[in-house]
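Asker: Below, each chain spelled out in residue letters.
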Amino acid sequence: MDTFAVRTEGLTKIYKDFWRRKSVSALTNLNVTIERGEIFGLLGPNGSGKTTTVKLLLGLLFPTSGKASVLGRPASDLMVKSKIGFLPEESYLYKFLNAEEILDFYARLFHIPREERRRRIDKLIGDVGLQPHRKRPLSQYSKGMQRRIGLAQAIINDPELVILDEPTSGLDPMGSCEIKELILRFKEQGKTVLLSSHLLADVQTICDRIAILNKGVLQVMGNVRDLLSKRDVIEFLVKSLPEDAIREVESFIKRNDGEVLSVKHPVSTLEELFVKVIQDSK
Amino acid sequence: MILTIAKHTFREAIRKKIVHLLIGLGIIIMAISPYIPTTDEPDAKVKMIFVVFFQVVALLCIIGIILLSASSLPNEIEDKTIYGLLSKPVSRLKIVVGKIAGFSALSALMVVVLGLINAAVIHRAALRLPQDYSGIVKARSEFWASQLSFQGDLHHSRQGIQWIEGGSTGVAVWHFSGLGNKGNGRLPFEAELALKIENSRGLDEAVPLTVRVENPATGLCKEQIVSALEDVPLTVRIDPQILQKSDAVNVSVFPIDKAHYVGATQGNVKLYLVQERFAFNYAKALAITFLKFVLIVAIGVMGSTYLSAPVNIAATFVVFLCGHVLDFAKDFSLLIQHSHAHEEVIPGDVERPHAFLVVLDYLVRKPLEWLSAILPDFKKFDSLEFLLKGIDIPWETVGFLFGYTALYAGVCLAISSLLFKKREFF
Ligand SMILES: Nc1ncnc2c1ncn2[C@@H]1O[C@H](COP(=O)(O)OP(=O)(O)OP(=O)(O)O)[C@@H](O)[C@H]1O
Ligand SMILES: [Mg+2]
Numbered sequence: 001m002d003t004f005a006v007r008t009e010g011l012t013k014i015y016k017d018f019w020r021r022k023s024v025s026a027l028t029n030l031n032v033t034i035e036r037g038e039i040f041g042l043l044g045p046n047g048s049g050k051t052t053t054v055k056l057l058l059g060l061l062f063p064t065s066g067k068a069s070v071l072g073r074p075a076s077d078l079m080v081k082s083k084i085g086f087l088p089e090e091s092y093l094y095k096f097l098n099a100e101e102i103l104d105f106y107a108r109l110f111h112i113p114r115e116e117r118r119r120r121i122d123k124l125i126g127d128v129g130l131q132p133h134r135k136r137p138l139s140q141y142s143k144g145m146q147r148r149i150g151l152a153q154a155i156i157n158d159p160e161l162v163i164l165d166e167p168t169s170g171l172d173p174m175g176s177c178e179i180k181e182l183i184l185r186f187k188e189q190g191k192t193v194l195l196s197s198h199l200l201a202d203v204q205t206i207c208d209r210i211a212i213l214n215k216g217v218l219q220v221m222g223n224v225r226d227l228l229s230k231r232d233v234i235e236f237l238v239k240s241l242p243e244d245a246i247r248e249v250e251s252f253i254k255r256n257d258g259e260v261l262s263v264k265h266p267v268s269t270l271e272e273l274f275v276k277v278i279q280d281s282k
Numbered sequence: 001m002i003l004t005i006a007k008h009t010f011r012e013a014i015r016k017k018i019v020h021l022l023i024g025l026g027i028i029i030m031a032i033s034p035y036i037p038t039t040d041e042p043d044a045k046v047k048m049i050f051v052v053f054f055q056v057v058a059l060l061c062i063i064g065i066i067l068l069s070a071s072s073l074p075n076e077i078e079d080k081t082i083y084g085l086l087s088k089p090v091s092r093l094k095i096v097v098g099k100i101a102g103f104s105a106l107s108a109l110m111v112v113v114l115g116l117i118n119a120a121v122i123h124r125a126a127l128r129l130p131q132d133y134s135g136i137v138k139a140r141s142e143f144w145a146s147q148l149s150f151q152g153d154l155h156h157s158r159q160g161i162q163w164i165e166g167g168s169t170g171v172a173v174w175h176f177s178g179l180g181n182k183g184n185g186r187l188p189f190e191a192e193l194a195l196k197i198e199n200s201r202g203l204d205e206a207v208p209l210t211v212r213v214e215n216p217a218t219g220l221c222k223e224q225i226v227s228a229l230e231d232v233p234l235t236v237r238i239d240p241q242i243l244q245k246s247d248a249v250n251v252s253v254f255p256i257d258k259a260h261y262v263g264a265t266q267g268n269v270k271l272y273l274v275q276e277r278f279a280f281n282y283a284k285a286l287a288i289t290f291l292k293f294v295l296i297v298a299i300g301v302m303g304s305t306y307l308s309a310p311v312n313i314a315a316t317f318v319v320f321l322c323g324h325v326l327d328f329a330k331d332f333s334l335l336i337q338h339s340h341a342h343e344e345v346i347p348g349d350v351e352r353p354h355a356f357l358v359v360l361d362y363l364v365r366k367p368l369e370w371l372s373a374i375l376p377d378f379k380k381f382d383s384l385e386f387l388l389k390g391i392d393i394p395w396e397t398v399g400f401l402f403g404y405t406a407l408y409a410g411v412c413l414a415i416s417s418l419l420f421k422k423r424e425f426f
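If you're matching them up, the sequences are chains A and B in order.
Each residue of the first sequence is one higher than the one before, counting from 1 in the working numbering.
Each residue of the second sequence is one higher than the one before, counting from 1 in the working numbering.
Calculated directly from the structure, the hints in this document are not laboratory data.
Warning: the hint list may mix true and false statements.
Quick list of the computed label-pair ranges, beta carbon to beta carbon [claimed, not checked]:
1. B:LEU418 / A:ARG21: 36 to 46 Å
2. B:LEU59 / A:SER23: 38 to 48 Å
3. B:LEU407 / A:ARG21: 50 to 60 Å
Far from chain A, some chain B residues (derived; all Cβ distances over 10 Å) [to be verified]:
4. MET1
5. ILE5
6. LEU67
7. SER71
8. LEU85
9. SER87
10. ALA194
11. PHE290
12. ALA309
13. PHE317
14. LEU375
15. GLU396
Built from N, CA and C at the ideal position, the CB exists for glycine as well.
From just these sequences and the hints, can you work out the full model?
Answerer: Following this line, the structure appears as structure tokens:
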């Protein structure tokens with residue numbers, strides 16, 4: 001079995017206009033390899049080519065040049081799609097169905113047998129927190145609820161590779177926290193995750209490796225910890241140290257030719273506060 | 001897989017308001033169809049119900065079907081729900097087939113539901129029909145004369161019509177054969193006479209004719225006297241006794257009085273086997289209507305793999321109406337050729353047809369002719385024609401239309417698949 005989940009070689013996409021004139025170079029010569037079992041983050045500003053990459057991997061677009069293979073087969077191969085889950089950039093759902101119906105529809109497309117279908121649908125609806133809304137038509141769903149059902153449909157087939165295009169967009173902090181936990185659970189189950197995002201904090205906490213795109217060109221790729229660690233800076237977090245002791249530590253550092261960059265009380269993030277408030281109110 | 005997409009397509013369609021609206025409208029129209037004023041002929045009401053259903057209600061359904069099937073894929077592409085489908089292990093061909101199947105199922109539902117309601121309306125109207133006019137709710141099989149011959153003198157022959165005069169000078173005989181096992185003396189036959197009548201004393205007077213039905217094998221024979229009017233077809237019942245032990249029969253006709261003339265062609269006397277299979281025949285008519293819907297769906301879906309919703313809806317309508325447009329174009333060029341003819345007779349005297357008109361005619365007619373050579377001819381699916389005459393729709397016709405639909409739908413599918421496979425989804 002191929003060890004790579006995704007591999008692109010010189011992948012290039014140039015959007016052409018109606019008259020087949022070149023217009024936008026959305027992706028240029030992308031070479032990326034994603035190993036099985038890792039969480040890979042695709043980062044970049046708006047319009048940098050993240051969605052284009054994802055669509056090329058799914059065979060929704062055809063490359064202008066270069067190759068993309070997914071789970072050891074060419075992208076757009078039908079066999080491969082039964083092992084992929086995909087959450088599009090926005091929630092594009094059939095508004096005339098309800099949560100159960102849409103999951104059932106997608107599950108049928110994977111030939112999942114009836115009993116198994118019922119079991120998975122029940123579990124997924126619970127997992128994404130839509131149990132009370134399972135019979136409501138999707139047209140009445142809020143953006144975050146749509147995102148959740150979108151995520152549920154992406155993993156209805158228990159995929160080996162999950163491709164998530166901005167999974168946390170439109171979600172509240174609780175929701176994005178849950179999604180992040182869910183993604184980490186995918187990893188435990190041995191799934192490979194490719195997620196695109198420009199919310200860097202999300203990516204930092206969960207991704208093993210990242211690639212940064214800008215204007216369709218790969219800028220950096222590597223291990224998150226390697227890329228982010230500042231080897232010459234050290235941080236202490238200390239609880240209830242008296243004022244005198246702090247001054248003593250500072251002078252100790254200076255005596256040893258160290259430089260104190262800052263000494264302050266860390267503030268908790270708004271996210272931590274938000275999550276705490278909401279949880280306390282339950 | 002195809003079934004899943006078909007079901008999904010069907011479910012989406014029947015949750016649309018337009019479908020409810022059209023079905024409701026169809027039911028209302030059918031409900032009022034018996035009250036539409038008609039001529040005094042007793043079977044005119046039933047005919048009106050047929051016409052209303054197969055022309056008006058069917059057209060409503062077709063409009064609905066075109067609106068839905070031609071916009072379904074473009075809407076999925078516009079709403080990007082197509083991403084969801086295409087990221088699943090479903091081939092693009094199956095998506096197209098599923099769409100066609102889904103809308104065909106919707107067509108079937110419409111045809112069956114509305115057809116059954118209409119059957120009830122027909123049943124009610126048929127109860128009030130006098131015995132002599134109940135032919136409209138029968139299913140008759142048509143037989144054409146195999147030969148037309150004359151005994152005695154032929155008076156004259158003009159424009160393919162052969163005339164005999166009354167007063168025992170000439171007799172026209174239509175020979176029918178191949179009535180098959182049906183000639184076992186049990187099934188009722190009737191003859192329909194659509195003769196040309198001429199009367200030297202004026203046109204409006206009825207002309208007495210002798211009609212003799214004879215079994216050439218047994219010599220059994222029966223004569224009756226009927227009175228005929230120009231332009232009014234006559235129906236003559238044939239005694240089943242006569243047809244025993246034979247599958248052939250001769251029908252002889254001659255006017256009784258001198259100075260009465262009858263014009264005969266091989267086709268103007270026909271024999272009908274009268275069967276009480278109206279319900280079955282009506283079902284065949286509905287089946288043909290359904291095939292027509294399926295063909296429209298296949299065309300609508302084909303266009304939708306490439307065109308945007310509004311353009312495709314318009315294009316599908318054009319294809320559907322093309323036959324009628326062609327008729328119009330033919331009339332138009334006939335008008336122009338007519339003035340050409342004048343020009344030849346009296347050169348210079350009549351105004352030449354405007355050069356612009358000739359060019360326009362050419363520009364309109366030629367492309368339409370080419371188009372009509374490739375486009376399906378929806379007029380072939382005219383089941384109303386049979387019902388109005390109370391004729392049993394031959395199985396050959398149903399089979400032919402089935403093949404025609406299958407062939408066209410197959411070609412549409414092949415083209416759809418090619419177009420859709422190449423398509424990218426931005
Ligand atoms: N259908 C299209 N036709 C022409 N150009 C396009 C099309 N779709 C995208 N592009 C261009 O391709 C480039 C990459 O777009 P892409 O959607 O991949 O960006 P992205 O990284 O996903 O951005 P975002 O973070 O906003 O989602 C952009 O410059 C965009 O303008
Ligand atoms: Mg994007």
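Asker: Now, for every hint given, state plainly whether the structure supports it.
Answerer: Going through the hints against the structure:
Restraint check, B:LEU418 to A:ARG21: a C-beta distance of roughly 24 Å breaks the suggested window 36 to 46 Å. Hint check: B:LEU59 to A:SER23, Cβ distance near 44 Å, so the stated range 38 to 48 Å holds. In this structure the hint that B:LEU407 and A:ARG21 lie 50 to 60 Å apart at CB is violated, the actual value being about 39 Å. Distance check on B:MET1: its Cβ comes as close as 7 Å (rounded) to a Cβ of chain A, failing to clear the 10 Å threshold; non-interface status is violated.
Non-interface status of B:ILE5 relative to chain A is broken: a Cβ of that chain comes within 10 Å, the nearest being about 8 Å off. Listed as a non-interface residue, B:LEU67 keeps its Cβ farther than 10 Å from every Cβ of chain A; the least gap is roughly 16 Å. Every beta carbon of chain A lies more than 10 Å from that of B:SER71, the smallest distance being close to 14 Å; the non-interface claim holds. Chain A draws B:LEU85 into its interface by the beta-carbon criterion, the shortest separation being 8 Å against a cut-off of 10 Å.
Some Cβ of chain A comes within 10 Å of the Cβ of B:SER87; the nearest lies about 4 Å off, and the non-interface call is violated. Listed as outside the interface, B:ALA194 is consistent with that label: its C-beta sits roughly 55 Å from the nearest C-beta of chain A, beyond the 10 Å cut-off. The beta carbon of B:PHE290 is kept farther than 10 Å from every beta carbon of chain A, the shortest such distance being approximately 25 Å. B:ALA309, annotated as away from the interface, keeps every beta carbon of chain A farther than 10 Å; the closest lies near 17 Å.
Separation of B:PHE317 from chain A is adequate, the least Cβ-Cβ distance of about 24 Å exceeding the 10 Å criterion. At roughly 26 Å, the least C-beta separation between B:LEU375 and chain A is larger than 10 Å, which holds for a residue marked as non-interface. The Cβ of B:GLU396 lies farther than 10 Å from every Cβ of chain A, with a closest approach of about 40 Å, so its non-interface assignment holds.
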